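Just so you know, the sequences run in chain order A and B.
What the first sequence shows, in the working numbering, is residues 1 to 229, in sequence order.
What the second sequence shows, in the working numbering, is residues 1001 to 1633, in sequence order.
Treat the hints with care, since some could be wrong.
Which stretches of chain B does chain A cover? Using the computed rule of at least three CB atoms under 8 Å from a CB of chain A, they are [stated by the list, open to error]:
{"id": "1", "region": "1036–1047"}
{"id": "2", "region": "1264–1271"}
{"id": "3", "region": "1313–1319"}
Cut-off 25 Å, straight-line C-alpha distance, at most; resulting in silico cross-link-like pairs (DSS-like, lysine-lysine) [to be verified]:
{"id": "4", "chain 1": "B", "residue 1": "K1453", "chain 2": "B", "residue 2": "K1418"}
{"id": "5", "chain 1": "A", "residue 1": "K54", "chain 2": "B", "residue 2": "K1344"}
{"id": "6", "chain 1": "B", "residue 1": "K1453", "chain 2": "B", "residue 2": "K1442"}
{"id": "7", "chain 1": "A", "residue 1": "K108", "chain 2": "A", "residue 2": "K54"}
{"id": "8", "chain 1": "A", "residue 1": "K54", "chain 2": "B", "residue 2": "K1375"}
{"id": "9", "chain 1": "B", "residue 1": "K1418", "chain 2": "B", "residue 2": "K1491"}
{"id": "10", "chain 1": "B", "residue 1": "K1453", "chain 2": "B", "residue 2": "K1491"}
{"id": "11", "chain 1": "B", "residue 1": "K1043", "chain 2": "A", "residue 2": "K16"}
Hints listed in this document are in silico derivations from the structure and should not be mistaken for laboratory results.
Here the structure is a predicted model, which is why all the values come from computation and not from measurement.
Using N, Cα and C, we set each Cβ at its ideal position, and we do this for glycine too.
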Amino acid sequence: MSEATQAQRIRLTFAKGEPVKYIAHLAVMRAWERIIRRADLPIGYSQGFNPRPKLTFASALPVGYMGQREVLDLELHAWVAPDEVLRRVRAELPPGFALHTAHEVPLKGPSLQSQVRYAVYRVSFAAHVPAVLLQQQIARLLHTATLPRERTVKGKVRAYDLRPLIHTLCYSASDGTHVTTMVLANRDSGTARVDEVVAEMGLLADMRAVHRTRLLFAEDALETKEDEL
Amino acid sequence: MQYDRNMRDSRPQPVASGALDAILPTIEQPARYSGGEWNSVRKDWETVSVHWALAFPELYEVGMSNLGMTILYELLNGEPDTLAERVYAPAADMERAMRAVGLPLYSLESRYPLRAFDLVGFSLSCELNYSNVLNMLDLAGIPVRATERSEGDPLVVGGGTMTFNAEPMSDFFDLFVIGEGEEVVLELGDLYRELRASGGFTRQEFLRRAVRIGGIYVPAFYAVQYHADGTLARIEPLYAGVPATITRRIVPVLPPPPVRPVVPYVGVVHDRANVEIQRGCSHGCRFCHAGVIYRPVRERSRQEIRETVAALLRNTGHEEVSLTSLSSADYPDIAPLLHELLEKYQEHSISFSLPSLRIDSFSVQLGSLTQARRKTGLTFAPEAGSQRLRDVINKGVTEADLLHTAAAAFRTGWRRVKLYFMMGLPTETDEDIEAIADLTCKVRDVGREARGKQIDVSVSVATFVPKPFTAFQWTGLADVDTLTRRQDILKRRLRGRGLSVGWHDPESSLLEATLARGDRRIGEVIYRAWRNGAVFDAWGDQFTPQAWWSAFAAAELSPDFYARRVRPIEERLPWDHITVGVSKRFLHREWENSQAGIVTPGCMERCAACGIRTAYGESFASCKGAREEEGGR
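Excised from the complex, chain B in its bound form:
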């Protein structure tokens, strides 16, 4: 299994097409595994010194829709001495077939087994993908635990939004990139190349040098101690030169966006071209993880967006372009931009979409521009039913806003409106859930008034899961009885014509909550759960809760300790050695404001002194909200 990287002959060979022909004819959606898509990059393996595998621990259809993968793929392949190839989690039928014939997990481009790569980077975007990471490593013949790897194995790198609490997955990774990867991946590649060229490469030496790169976290270089009650006592560097805290990497100015994304054959989740028009969100919803970890807001210029759209359409042939961001309606001059694009591409039948609209009539106007021909549906996220609770979570939306917006939407021609709510939020009572039903019925009535009986209001109620680096990071997941009772309220209230309601599986939310705020001991649970057969936990039909609960029991850990316990403010959190730029002081202040029902305006209105400016300094002129206030506090 091991091989000497300096000896070419011992390197694993690419998977032969005959080997694939023997299994793919019986596999569902074989094109997930055959590669060769337009814009996929095939470089000469021998002439390149840094080989990256970019792995996404989900099905091809999901992974191909991930913007981060697209960005890094184009960026790394743009380097003359580097190649990057893709790999996704095989579905159960393919995994069975691969294991049956001993076919290792391979990349889609060259079909080299993952073991042949120098660095294997996993994008971690969801807790419920964790078991897939272990399964993919195992299928690749790479030891699952970092401590079991040896010199012939690739370095396994974790990136993505989940790494802000990297502890639960730290047993399985050699290093993590905390924050935006655009610069770091190149720096890691340079280090790798340099060490190889000097002949002084060892895994240990690489890691020892990598921790000098900002945003790099090598979990093995830290000692973790716990109190007798199971809470965390400390996480400290084991060696001199290892940083005590790791600061999230961010790019002051958004690098040029990808313009040659791989065009999939298989219909993927987001089957369209994407332009990231801005990164970050200025609203400050207290439950929102993305709202904190992508701060501050950074916009692309209209000119750059214009050029990117033109290049994307020319290079992909896509029929739809999505102008993505956490809150696209916030982009300055979004309406003129949209008008311009629609007019320019009208004759080519290109459609545009804007994800994540706000609840205001402006967003309905934008929606009627993007869905002029076919009004498929509009989605709004009031998140909570009562004004009191919306103030708690800092969702700056009123009932009047929603009803106005819904009325405008129905009048403009939509028949279907989707509403997103959460259940189990801090301070929530049964009355708040009744308020979800009241609000939904009012939206339906507004719709009937405008359009008659032929309208449809669908409600999606997610279980609130507390996430690290949010104002709610100390609070607990609601207990099962409460959640069940509140679901029953909605089941009873939201019946009848024009209404439908859906929710998350409570057990799946419990798992997500344990993994989101777990400490390093959770690694043992993840390992055992995977050994128990856990895989594709995000898929309701494949999620096996028992694999997890018995793993918790075997590891002598309690899911409730991690998920439901309210953590005292003084308690050391497993992610306290990571600095995201938003200060813990700010998050605590926001927690207190939430308990008092005090609303904090968005940072375009008034700087809330979140800490970004202090952490990253003057290079962040784009942090528009930040003025003198942050310095003053």
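Chain A extracted, bound-state conformation:
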């Protein structure tokens, strides 16, 4: 019993920037396993023939995108003060990763992945694209009732509607560059990808840096707003 009460779940929010934006999700997971081992934290391991450290990521970030507040849960088999976790992990971070916060969450709470609802992106475009074109395309997409598309998953073509997965799409100019903000569904039942939305806008070739600024969870305010919509 005392062992069990000592176990804990720690939630980390971290950033993934240059140059690690080019590493794929599987590699990000492996990198974090190694960071945690170097930090010498009492990480729990799964059972079975091939025990894996108990790390859970809220959502995979596509290759090439930067993440400002990505989220991951660690399951430790012994209690460590969150500040101590913060300190030890920061000492082992490769260039491009940053750790913002570490705090304790209920050990038996729902899985992190199941709680994600939306992802917020900041997508920039090449300066030569006329602002009016971007605005027109955004307006067109928002006024369309359906955006039927196909996605190939493991060799199988699957039809889906992109439109209901777009929650917010808006344009803002800053310092002579174009920036759009997108709030896109990100849950087991449906996820919209930035490149799909930009492809619908017909501007894939002009897309530049993509930042995922945050993930919105079930408990975040947007969920209640969504019910009102």
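Fit chain B to the supplied structure of chain A, relying on the hints for placement.
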């Protein structure tokens, strides 16, 4: 393209991250090219006087698994006045993208183009990487041929196991390091620094002084003459002070092992921490190149291994440690060491692996320690099917050994056993190939007896390629008809449940054989083949044999002359001016023993008087086998 190294303004600038952002999103595995891995070393370019690029002519995943690169990277970056940065061969998609926008080949750390470095060292570990070297130089904007380089270009240095016959690649290198690089690279750096500081640096002056360093070979300083029949007549120094023979450099005691290896993001071939527990092998298999060029056996102490494992795990976070050597089961007290490590790191879920096990029940015991939880498979290398042929190649293993070992493996819980054989060995007949099939079936039967039908025996049959500095260096590659017929025998015999068989492409083996024992004229072939589009020749899906065969034709050279011809003992070999320590007399004696089927015991059993002791003297107390015998012969 040229720049004056004394004028900072004219130096090539690092590749901007914007330039990479423009191409990497469309590239497969972009993290191969973006760097920034844990333990990668970024030094201030301006405050360092010697800049090394360490280049590996293969994909990132392959190059990052090379121990030699890891050793030199940590060693050179440990020097305060030196930096070393990595570069690998870009895959076809990246190469296309780079050429399309004129992006030069750059290092992963500072992203400086290779042209900005003082020395570019290529690790040559496989003949089938040669075309990639030319391609990388070209992508870097460095003239491919050494004679076309000028004062602004880096010095291009070759090292690694292929340099023991450096002739085929000698057109493309300014100098080679023959042997173990740990001391030589520092000496080269010192020379570079000294010449720069004195203001007397020219490429020529550097090379003239470099040949005074032991193990340095500057091919341009030698004249090569051929007989009318195409065989080599002589390789002689052109100038006074250039050594007539170059002796392989070796370190008497293994230097401290690397403990801060770069931790890759991309899943690499050997994605784990490595401890080189010993260097060299005492067995004396007659086909084996590594067995000769890494002599003598040198071990690390248990204490050093213990400390290295602890430091590696702390510094990398790896989940697996490999205790590497050419024959890890030979390490004294390997079992207690393994027990100790497993016990110590059990709670951290760290696994250990031992490559290259022997064929004995002891190795099965070791395997059951390292694969206690998950028995993925065991690999054994009988190399030949019949006892007669195993005696010819001096593989001291009997059928009873193999069957005993396989039975022990299956009983201990393994279901998958992999067997390595060779085809086309000297004196080989069709009966020897039938014997491979017989032996494999017996192993399968042993497995069925122990575990029932659910077992898998996979057989890998490599084409034997004669290599320099082996007892088989005079013999020829088997002809295509013979190899095809023998493959057919195995295809016919090794069918059915629980059996699978794989082999090498015969054309790829032919290329390897021509390059392995080629002379300096092969440089023209390599150049033309690269111009014909040859690149990544080790990859079956990218190998274009026609690029090579037409290059041979254009250079008016015959692949068979190099690969298949049996060379008379008196013939001068293209590597005769290199001394590896193992004497030619010994190799010849071993050739004769092989023809008579006489087995030579390993040097831990009895000194075979290979010549190491004579060549390197008393500093090699670690050459345990060598006693009074070598001196006596």
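Status of each hint after checking the structure:
Check on the region 1036–1047 of chain B: 3 of its residues sit with their Cβ under 8 Å from a Cβ of chain A, so the three-residue criterion for coverage holds. Beta-carbon proximity to chain A at under 8 Å applies to 3 residues in the region 1264–1271 of chain B; the threshold of 3 is reached and the given coverage holds. A stretch counts as covered by a chain when three or more of its residues have a beta carbon under 8 Å from one of that chain; for the region 1313–1319 of chain B and chain A the count is 7, and the coverage holds. Taken as a hint, the K1453 (chain B) and K1418 (chain B) pair is honoured in the structure, with Cα atoms around 16 Å apart against an allowance of 25 Å.
As the CA atoms of K54 (chain A) and K1344 (chain B) are separated by approximately 21 Å, the hinted pair is consistent with the 25 Å bound. Proximity of K1453 (chain B) to K1442 (chain B) is assessed by CA-CA distance (about 14 Å); at most 25 Å being required, the pair is judged to hold. Between the alpha carbons of K108 (chain A) and K54 (chain A) the distance comes to roughly 13 Å, so the proposed pair stays at or under 25 Å and holds. At most 25 Å may separate the alpha-carbon atoms for a hinted pair to count; K54 (chain A) and K1375 (chain B) meet this at roughly 23 Å.
Restraint check: the Cα-Cα separation between K1418 (chain B) and K1491 (chain B) comes to about 17 Å, which is no more than 25 Å; the hinted pair holds. Between K1453 (chain B) and K1491 (chain B), the direct Cα distance comes to roughly 21 Å. Compliance with the 25 Å bound is thereby established for this hinted pair. Under the criterion of a C-alpha separation no larger than 25 Å, the hint pairing K1043 (chain B) with K16 (chain A) is consistent with the structure, at around 23 Å.
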